[in-house]
Each structure stands twice: as C-alpha cells, then as structure tokens.
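Student: The lines below spell out each chain.
2 protein chains.
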Amino acid sequence: MLGLMQHQPLLISSLIEFAERHHGEGEIVSRRVEGDIHRYTYKELGLRSRKLAQALSAQGLAQGERVATLAWNGYRHLELYYGVSGSGCILHTLNPRLHPEQIAWIINHASDAVMCFDMSFLPIIKAIHTQCPTVKLYVALCDADKLPADSGIPNLVSYEAWMGGRTGVYTWPAFDENLASSMCYTSGTTGNPKAALYSHRSTVLHALAGSLPDALNMSARESVLPVVPMFHVNAWGLPYAAAMTGAKLVFPGPAMDGKSVYELIESEKVSFAAGVPTVWQMLLGHMQANTLRFSTLKRTVIGGSACPPAMITAFNDIYGVEVLHAWGMTEMSPLGTVCTLKNKHLAMSPEEKMKVRLKQGRGIFGVDMKIVNGMGDELPWDGNSAGDLLVKGHWILSEYFQGEGGGLLADGWFPTGDVATIDADGYMQITDRSKDVIKSGGEWISSIDIENIAMAHPAVAMAACIGMKHPKWDERPIVAVLKKPGMEVTREDLLAFYEGKTAKWQIPDDVVFVDAIPLGGTGKMQKSKLRAELADYVLPDLR
Amino acid sequence: MLGLMQHQPLLISSLIEFAERHHGEGEIVSRRVEGDIHRYTYKELGLRSRKLAQALSAQGLAQGERVATLAWNGYRHLELYYGVSGSGCILHTLNPRLHPEQIAWIINHASDAVMCFDMSFLPIIKAIHTQCPTVKLYVALCDADKLPADSGIPNLVSYEAWMGGRTGVYTWPAFDENLASSMCYTSGTTGNPKAALYSHRSTVLHALAGSLPDALNMSARESVLPVVPMFHVNAWGLPYAAAMTGAKLVFPGPAMDGKSVYELIESEKVSFAAGVPTVWQMLLGHMQANTLRFSTLKRTVIGGSACPPAMITAFNDIYGVEVLHAWGMTEMSPLGTVCTLKNKHLAMSPEEKMKVRLKQGRGIFGVDMKIVNGMGDELPWDGNSAGDLLVKGHWILSEYFQGEGGGLLADGWFPTGDVATIDADGYMQITDRSKDVIKSGGEWISSIDIENIAMAHPAVAMAACIGMKHPKWDERPIVAVLKKPGMEVTREDLLAFYEGKTAKWQIPDDVVFVDAIPLGGTGKMQKSKLRAELADYVLPDLR
Numbered sequence: 033m034l035g036l037m038q039h040q041p042l043l044i045s046s047l048i049e050f051a052e053r054h055h056g057e058g059e060i061v062s063r064r065v066e067g068d069i070h071r072y073t074y075k076e077l078g079l080r081s082r083k084l085a086q087a088l089s090a091q092g093l094a095q096g097e098r099v100a101t102l103a104w105n106g107y108r109h110l111e112l113y114y115g116v117s118g119s120g121c122i123l124h125t126l127n128p129r130l131h132p133e134q135i136a137w138i139i140n141h142a143s144d145a146v147m148c149f150d151m152s153f154l155p156i157i158k159a160i161h162t163q164c165p166t167v168k169l170y171v172a173l174c175d176a177d178k179l180p181a182d183s184g185i186p187n188l189v190s191y192e193a194w195m196g197g198r199t200g201v202y203t204w205p206a207f208d209e210n211l212a213s214s215m216c217y218t219s220g221t222t223g224n225p226k227a228a229l230y231s232h233r234s235t236v237l238h239a240l241a242g243s244l245p246d247a248l249n250m251s252a253r254e255s256v257l258p259v260v261p262m263f264h265v266n267a268w269g270l271p272y273a274a275a276m277t278g279a280k281l282v283f284p285g286p287a288m289d290g291k292s293v294y295e296l297i298e299s300e301k302v303s304f305a306a307g308v309p310t311v312w313q314m315l316l317g318h319m320q321a322n323t324l325r326f327s328t329l330k331r332t333v334i335g336g337s338a339c340p341p342a343m344i345t346a347f348n349d350i351y352g353v354e355v356l357h358a359w360g361m362t363e364m365s366p367l368g369t370v371c372t373l374k375n376k377h378l379a380m381s382p383e384e385k386m387k388v389r390l391k392q393g394r395g396i397f398g399v400d401m402k403i404v405n406g407m408g409d410e411l412p413w414d415g416n417s418a419g420d421l422l423v424k425g426h427w428i429l430s431e432y433f434q435g436e437g438g439g440l441l442a443d444g445w446f447p448t449g450d451v452a453t454i455d456a457d458g459y460m461q462i463t464d465r466s467k468d469v470i471k472s473g474g475e476w477i478s479s480i481d482i483e484n485i486a487m488a489h490p491a492v493a494m495a496a497c498i499g500m501k502h503p504k505w506d507e508r509p510i511v512a513v514l515k516k517p518g519m520e521v522t523r524e525d526l527l528a529f530y531e532g533k534t535a536k537w538q539i540p541d542d543v544v545f546v547d548a549i550p551l552g553g554t555g556k557m558q559k560s561k562l563r564a565e566l567a568d569y570v571l572p573d574l575r
Numbered sequence: 033m034l035g036l037m038q039h040q041p042l043l044i045s046s047l048i049e050f051a052e053r054h055h056g057e058g059e060i061v062s063r064r065v066e067g068d069i070h071r072y073t074y075k076e077l078g079l080r081s082r083k084l085a086q087a088l089s090a091q092g093l094a095q096g097e098r099v100a101t102l103a104w105n106g107y108r109h110l111e112l113y114y115g116v117s118g119s120g121c122i123l124h125t126l127n128p129r130l131h132p133e134q135i136a137w138i139i140n141h142a143s144d145a146v147m148c149f150d151m152s153f154l155p156i157i158k159a160i161h162t163q164c165p166t167v168k169l170y171v172a173l174c175d176a177d178k179l180p181a182d183s184g185i186p187n188l189v190s191y192e193a194w195m196g197g198r199t200g201v202y203t204w205p206a207f208d209e210n211l212a213s214s215m216c217y218t219s220g221t222t223g224n225p226k227a228a229l230y231s232h233r234s235t236v237l238h239a240l241a242g243s244l245p246d247a248l249n250m251s252a253r254e255s256v257l258p259v260v261p262m263f264h265v266n267a268w269g270l271p272y273a274a275a276m277t278g279a280k281l282v283f284p285g286p287a288m289d290g291k292s293v294y295e296l297i298e299s300e301k302v303s304f305a306a307g308v309p310t311v312w313q314m315l316l317g318h319m320q321a322n323t324l325r326f327s328t329l330k331r332t333v334i335g336g337s338a339c340p341p342a343m344i345t346a347f348n349d350i351y352g353v354e355v356l357h358a359w360g361m362t363e364m365s366p367l368g369t370v371c372t373l374k375n376k377h378l379a380m381s382p383e384e385k386m387k388v389r390l391k392q393g394r395g396i397f398g399v400d401m402k403i404v405n406g407m408g409d410e411l412p413w414d415g416n417s418a419g420d421l422l423v424k425g426h427w428i429l430s431e432y433f434q435g436e437g438g439g440l441l442a443d444g445w446f447p448t449g450d451v452a453t454i455d456a457d458g459y460m461q462i463t464d465r466s467k468d469v470i471k472s473g474g475e476w477i478s479s480i481d482i483e484n485i486a487m488a489h490p491a492v493a494m495a496a497c498i499g500m501k502h503p504k505w506d507e508r509p510i511v512a513v514l515k516k517p518g519m520e521v522t523r524e525d526l527l528a529f530y531e532g533k534t535a536k537w538q539i540p541d542d543v544v545f546v547d548a549i550p551l552g553g554t555g556k557m558q559k560s561k562l563r564a565e566l567a568d569y570v571l572p573d574l575r
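Protein chains in written order, with our numbering: chain A, 33 to 575; chain B, 33 to 575.
A few of these clues could be false.
It does not matter which identical chain is used: a pair holds within one copy or between any two.
As the list claims (entries may be wrong) - Restricting the straight-line Cα-Cα distance to at most 35 Å, the calculated cross-link-like pairs of lysine-lysine (DSBU-like) are: (1) Lys376 <-> Lys75; (2) Lys516 <-> Lys467; (3) Lys330 <-> Lys387; (4) Lys385 <-> Lys515; (5) Lys301 <-> Lys385; (6) Lys330 <-> Lys376; (7) Lys75 <-> Lys385; (8) Lys402 <-> Lys301; (9) Lys387 <-> Lys75; (10) Lys301 <-> Lys330; (11) Lys376 <-> Lys301; (12) Lys424 <-> Lys178; (13) Lys387 <-> Lys301; (14) Lys330 <-> Lys385; (15) Lys424 <-> Lys387; (16) Lys402 <-> Lys75; (17) Lys387 <-> Lys402; (18) Lys533 <-> Lys402; (19) Lys291 <-> Lys376.
Hints were generated in silico from the structure; no laboratory data involved.
Excised from the complex, chain A in its bound form:
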C-alpha cells in the first residue's frame, strides 16, 4: 500500500525556489575578481539564475550536457550552480590549480559543451582552447566592457552580455531526481583523474543532512564564509545548504590571504567559516602579527586534511572559536563525518574534549562506515583496531563517470582508500592512506604517525614516510625529510628523536634528506613520485 503524500522530486531548483520565496532578502556578499565587494539577495540570485537557464536553453543545450566552470567563490559561480543544474544540464566544476594539459584532458573526457571562467583564468583558456573541440562557447564571467577584444578565442562572450538580456520569466523544469546534476574530478594521484557524478537527489539529501546541528549547523541566523573552493566538491555543499536555510553567504573570491579573509569576516559579521588548514594558518598568522580579535566568528569547520592540535587550541583558547574537524571525499559529495561532541562529552575536561576533537568525527545520518581487515572481515569499534575504511550512503558514488576504474564497490560499500579506527561512540580517526600504510612483520605502521613525530622536530619543514621492500619484514619505514631553511639536523639526531615517542619497531630504519617533497595540485604529498625518485634506494641492513 502506497502512502498518500504529495510526491515532489528532490531537485536543486527547489533550493533556490525556496530561498527566493522564504529568504528573498537574505544577503549574498562577494569579493570579486575585480577586487570590489558585490552584494545582492537570494531574490536577485533566483532571478539571475533563471536568466542563465534561459541563456543555456537559447544556446540549444539539452538535458545532461556539461557546462564547465573555472572560477573562484562568488555570486556568478553561485548562479551557475543553480542555473546549470536547475535547467537540467550538468555543472562541471574544474580545479584551476591543475596543470593546463590536465585541465584540457578533463574537458575532453567530460565532453564539456560550454566553459565559463573567471578572468583570472584567461591564460589557461588561451593555452588550451585549441585542444578542446567539444566546447561550443566560452563565457568570461565579467561585464561586457571587460571582455578582451584580442583574446584569439573564437566563440567568446561575456557572461553579463550573454545572460543579461533575458527576461528571467522561466519555470524550472521538473524531472527525475536521480538525473545527474553536477560532476567533479578527483585529483588523480595515480592514473588519470576520474569523475564523481552527483544527482539532484544526492545533492539535496546531502544539503539536508549537512545542515543538521551535528554537521555544519546551518540556519538563517548564520553568516557563512566558504573559503573552501566552489571548484572542488561543491564547497562542501555550502552553496546548497545556505539556500536551504537562508543563511547569509560571504564569498572571498580569489583573495584567500590572512588580511583579506580577516577583513571579510569582520565586515560581514561572519559567524561560521569553512576551509582547509593552510588558509587558517595564514589567517592566524595575520591575526597574531597584528594582535587582532574576532568580533563575530564562532565556529570553523576544518577539513581536507587533519588539523594540527596547536591550531585547534589557538582558535579555541585565544580566539574563542570552536574548531570542528570534518572528513569527506570527492566521491562522498563530500561530507562523511563531522567531529561534534555528544551529550556525554559535555561535562568532560578541556583535555578530554581535545582527545575527541582530534578525531575526524562521527558519521552523519545518511552515511554508514565500517573498517575491515585484509580478509574483508569487519573490525570492532574499539578505537584501536585499524582497518580499511569503507562507506555507504545516499551521496556516495556507486561508480565513476564512464565506468572508469571498473566496478569498485565491495558488496555495496565504497572503499575510501583510508585506514582508520572507529571508537565505541562512532568517532572515526584516519591513521593512514591504505597505499601508504607500512606493513612490517604482519603489523601496520601508520606513515602519518611517523611523519608527525619528525615534523615536531624544530629543524624539519616537511617529512614523508614511505615503506621499502624488505625480504624478512615485508616492508620497513624510512622517512624523507625537507629541512627548514638555515636549520640543521643529522640522521642520527632525528632517529634519536624518535626514541620514546613510538614503539621501537616502528622507528624508521633510515632518514633521507631531500631538497623537495613532491606535492599534487591540491597540496597533498605525492608519495608515488617520491617512491619513483627513490627507486634506487637500498635499506641500511640490505646494503
């Protein structure tokens, strides 16, 4: 027997329709590429998104065609989020930090029909447009009078000229909520990038669960600064969650330095900001150098990589800002866990709370997790047993775009490639990447633990721990170290530094000093490259 409830598809257009009607005067403030501050409301966002949808329709774009963006966080990018997906096309956000050749490869793989870009990225477009035959139209996200006359790019229009003349009289189409809404390529540390293809249903459910008090806690009382980029995994879904809840949105544009971010937080009374640790490091540096305080900032969610404890303490103790760890992946839309406390933790001491806060957090409703050993058997949630982390849920991918990478689910579970522990309260902690964990004598050594100890040494700027083949132990760890400029440390000093900080058998067999540690487009260490660079290396006891 069917229920007798109204059935409406869960569509991205329903978010902007709701915001326009119920939060019409809610503010959206953007620092533009031009440097000035632009401000308007959800009502205007709705109108301009419909104009954009009309422009796409006039362009002859059919449902499911890809519209690419190379853009900072700002109101025009937000209009693309709603106008493109709402009209039935697929929003394809591209990471401008990738190498132009890789960007061209991705555009061709996705068969993008339209490319919309901030003027910051004109040099990339100039470099690659001849290699992108599927792109029928290039749209520069600027006013008509800012369009360069001599770009050499055929089919180039300004965004404002292209969509400005439309009426905005447009009804968002209704369609199957399982249709694709947007896509994002992974950074692809091994092999070619692969794309996650999000659906309208997954995006709306992600926004709902992601707005819960135990996740990002989004409400009409918040002023939200997404420093996390809209070009990567939809800025953690904040552009959708904000419209769903009527939160004020504040976009930093390209200015992510400490001074610019601080000024925006203060002038727009930001209560909640989200970003990766490196941006917050710049912000803290600026504040400490200028003895500044926050007037309104209350919370920050930090993800992308683990947040150093010192940063959590600084935000909390010095500035009174709550820091929440979050963890997710491109393949997870991205939210998996957020580290909010439970009722039972409230009475704990600050030290005990900090132990909880250092974990990546607990699953939000809609995501399930499990850890398994090498045989695929589920491991207990005891906070100690480390195993391969698998996830399942409404906004977790089932396969990559065009089947790249093959059938990857294990009995319905997506293998994250991370190694983690989960404690009895459901708090997950990443201990390593599956491919980086060192298997020595039947036990696992966390490369991250070994790196963290090295990086606590005052002379070490960066450290990368990798496993080297060993006939007896299977693998043994060594650590590659980049010294701080002008600082010195010897191999023997550093190995001695490990004493007492970890089990004896986990201490690396060797230290290799390097001039650079290879980093990928998103700032992550590329250990595969490091391994290749050390192809001729031989462990001390095998020499």
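Keeping the supplied structure of chain A fixed, place chain B upon it in accordance with the hints.
Tutor: Chain B in isolation, oriented as in the chain A frame:
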C-alpha cells in the same frame, strides 16, 4: 543522464539502524504506566524492535497491514514505531481521548489487524472489542504476569510474552520508500474522522528537515522530552528525529501534571521539551507555586494552538527558556512552520523580537505556503493581507485514506482550512479558521481576534465568536461568553469593553451568555455545535 550515486530507499528502518550503530549507548528513559522509571539504550531499542518485527512476521502479517496502538509516550510505543513500520506494516496510532464508539469506528475504517494498548486503556478495549472484527490479536503493553486473567478479551497476549522469546536476528526488509509507513486520523470536527497515510520517504524527509537548526534543532547533545503525544501525528516526528541524531529521549508516560513533568526535566537533564500550551500552563503553575527553577531546560517548542504571550514571557524572562511557536497539521506530518528568528532579528529589542515570536513562524525547507483570496488569486506577503492558507510539500498529504473527502488539492496545493497572513520575511500568522472567519460587507473579521479581546476581560472564562447570517452585510459577528464562576459582566459592559480595541465595524453585534462552550476531543472549541445550539438566534437589528 543519471547520476552515479548509491541508491538506498529512505526507510524508517534506516533511522534505527543508524542509531543502533552510531549512537548505541544513547539513552531512552521512560516513566512507565506502572509509575517507575525505565531506562535503556538505542542498541536495546534496535534489538527489541527487531524482535517485535519477528513477532509480527510470525503472526502472518503482510506488508501494508495495519497495527494499531492506544498508548502513552514510552519505550514500548517507540519499539512499535520502528518494529511495525520497519517490517513493512503500517503503524496506526489511535487517540485514546476520543469516545470509545469513535475509536471502534476508526479501527473498523482502518481494518486494523493487531491492537497494542497500554493497560490504562484496557477499559476502552473491553468496551469495544466485540465491535472490531478485523482485529486478530490484542497485545497488552505489559509483562506477562501483569496480564489480567479474566479480561473477557479473546486473543489477548502480553507484549513481553509475545515478542520476548524472539531472537532479534532479523534483517530489515528493503522496499519502495513510497510505501505507507504509518497513519493518523484527524479529530474530525465535522463528519467522520479521515486519515493521513504517511510514507517512509515523507517520514524520513520530515525528520531530516524537522531536525534542522531552524526547526527543532535536534542533536546528539540534546536531552529531549516529547510531552506532545505519540498517539497524535507521531509526536511531531520527534521519535524519528531523535534516532536520526542520537538525541537522548525522555518519555513522560501518562504523568503530564506539572510536578511529574518538572521532576523528569530535572532528573534527566532535559534541554528541550515539546508540547501544547495546556501542559506548559500546568508546569508553570507548579513551578510558581513552589518557587522552582530549571537547571538544564533551554528550549521549548509549543504548538497545537497559539501560545499566550504571557506564557512566552514567563518562560523567557523568569526561567530563561526560549519558547518557539510551531504550526502544523495531521495532514502535514505535522511540521509546517517554526518561529525561529533570522539573522536580521538578532539585534532587535526584546519587544520587537516578541512581535516576531507571536507569529506561527516561517516555513521549513520542504514546505511551501501561499495565501489566496476567494477567487484563488495569490495575496502578497505583506503581513496584512489575510487569505486562505494553502501548503505544498514532501510530507503533506495528497488525499485521505480510501479517498475520503474526494480530490482535495487545488492545483497541487492542500487547503489547510486556516486563514493567515504572511509577512515579507515569510513569517506566517494564523488569523482564523476558514470556516470561522466572519465575512462582513466584503471584509473579513477574525473570530480569534474578537475572542481574544473578550477573554482579556476579567470576568470572561471563555469566548467563542461566530458569524450570523445578515441580509445586508452577509454576516455579522456575535460572541458567546462563558463567565468565570462567581464573576459578573453585562452585555453592555462587554460591548463597551471592545471600544478602542478593534475597528468599530468589527465589534460584535451581540453577546450571548452560555453555560458551556462545546469542546472536541483535542480540546478545541466546536463552533459547529455552538452554531447548532444557536440555530434559533436572531441578530438584534433583525428582531
């Protein structure tokens, strides 16, 4: 092109599965019918819900069959919420405050196959069981040794004996999320009661949106007391939202007096309570009489009927408890609006905030509203234009069970039967019931406004304003008044009391003193009965 996300149905069983896994140690505390306090965890709730599902299966119940409950708020009722719906049967919660004949009528209309009841309601079952041929099994929600030997009810078992022996080894079935999960009959002030039939999808979406910070703000840090009954519209969805978020649940059982509720709030460190104004009136009375304070209560959501401003002020100013108005209907699962403030209100004075707080609130994502005039044209959101309120959304009914009442949607919108205004910020305020509003000379007079003025008179206990047919004005208002015991007021006094409090043309034409004003099963005034009682009444200027 379809998205490539995992597809899982939105099922009620996914809520309890999540809670068991991620909030296994979360507490559920119940004051039992027996008077003692029972406590266990989500893990035990999950286990016992599965045992219950096994018992239903052993009973031969097929998907879609109805299992009725006549029960207070408590852990066994909660197990029925999950075990019945999770197994694919339909949970039918019955209101024990209805007349036994009406309960029997509803059981037959719903064709209930099983009836589960708290021992408080044994007299009702004794009175009606011979009239309910569809009921194959009666389950008393008690231990085996508490079952009366001589009840005279065939097929009577105790709940604990019935489900206690099962193993709990049971996998929740997967099925279409649009299947019916539960049902609730309206109080039916006119005609026979009609039922809303909720689906798994509507229930889970309602729990998600209802848990948002701008709705009920549910998290794992809350201790939640639903005083609002589980026998009516699923206790506003709190049993589902609590499992979704891991909130501690505290159930009052049958003891809703001020003393019992206060003691439970204090002993279980309740942070959030939800109920109707009459319960809070009893609680405040008890606290004032005993000069008590709250240690942990921070928020209360009040719905069911408008909350008197004095109560909001008392909670806020004296006890530091935030009062949120909410509005909904059985046909809406029930949440429609919650009166949480927006960013723009935060800097307002307490008086200005109070003006906002007196409204029923703004729509949560998933619900849209509009107000229309007699021609069906949409009226502006200006806070003044009053019109018939229509709603649309994921958890709003499309038709009643078995098509009762016919096709009732107007172009996809459900007519609520309320008259309301909506202001520019989306805050809705009910001004009257559509059938009670008085249409006089082309203008509408709110019967509620007229009643509120009368009830501000010290001698008036209750007042009901109804419209009387008039050849020139169409209708003219009169007010029926029940005087407080031992107090006096004349017709002329009361009409003079209206001067300056409302427009002259809105002052009632007459005052009729009555010995009683008819009330329905949920405590609402039954104006249709009053109209019938005053069938022979003639307006003064027509005599």
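Student: All the hints need checking, so say for each whether the structure fits it.
Tutor: Results of checking the hints against the structure:
1. Within a single copy, lysine 376 and lysine 75 get their C-alpha atoms only as close as 42 Å, which misses the 35 Å cut-off; across copies the closest is 16 Å, which meets it.
2. In the homo-oligomer, the alpha carbons of lysine 516 and lysine 467 lie at most 35 Å apart inside one protomer (27 Å), although the nearest pairing across protomers, at 79 Å, exceeds that limit.
3. In this assembly of identical chains, lysine 330 and lysine 387 lie within 35 Å of each other by CA distance both inside one copy and across copies; the values are 21 Å within and 27 Å between.
4. In this assembly of identical chains, the alpha carbons of lysine 385 and lysine 515 lie at most 35 Å apart only when taken from the same copy (33 Å versus 58 Å across copies).
5. With identical chains, the CA atoms of lysine 301 and lysine 385 are at most 35 Å apart both within one copy (28 Å) and between copies (20 Å).
6. Taking identical chains as interchangeable, the C-alpha atoms of lysine 330 and lysine 376 lie at most 35 Å apart whether they share a chain (22 Å) or sit on different chains (17 Å).
7. Taking the closest pair of Cα atoms, lysine 75 and lysine 385 come within 35 Å of each other only across two copies (24 Å); inside a single copy the shortest separation is 42 Å, beyond that limit.
8. Taking the shortest alpha-carbon separations for lysine 402 and lysine 301, only the inter-copy value of 32 Å comes in at or below 35 Å, while the best intra-copy value is 40 Å.
9. In this assembly of identical chains, the alpha carbons of lysine 387 and lysine 75 lie at most 35 Å apart only when taken from different copies (25 Å versus 44 Å within one copy).
10. Within a single copy, lysine 301 and lysine 330 get their C-alpha atoms as close as 10 Å, and across copies as close as 25 Å, so both meet the 35 Å cut-off.
11. Taking the closest pair of Cα atoms, lysine 376 and lysine 301 come within 35 Å of each other both inside a single copy (32 Å) and across two copies (12 Å).
12. Proximity of lysine 424 to lysine 178 under the C-alpha cut-off of 35 Å is found in neither arrangement, the shortest distances being 47 Å within a copy and 44 Å between copies.
13. Taking CA atoms no more than 35 Å apart as the test, lysine 387 paired with lysine 301 passes in both settings, with 30 Å inside one copy and 25 Å between copies.
14. Taking CA atoms no more than 35 Å apart as the test, lysine 330 paired with lysine 385 passes in both settings, with 18 Å inside one copy and 22 Å between copies.
15. Only within a single protomer do lysine 424 and lysine 387 lie at most 35 Å apart by alpha-carbon distance; the minimum there is 26 Å, versus 46 Å between protomers.
16. For a Cα distance limit of 35 Å, the shortest separation of lysine 402 from lysine 75 across copies, 17 Å, qualifies, whereas the shortest one inside one copy, 43 Å, does not.
17. Proximity of lysine 387 and lysine 402 under a CA criterion of 35 Å is satisfied intra-copy only: 21 Å inside one chain copy versus 49 Å between copies.
18. Proximity of lysine 533 and lysine 402 under a CA criterion of 35 Å is satisfied intra-copy only: 29 Å inside one chain copy versus 65 Å between copies.
19. In this assembly of identical chains, lysine 291 and lysine 376 lie within 35 Å of each other by CA distance solely across copies; the values are 27 Å between and 39 Å within a copy.
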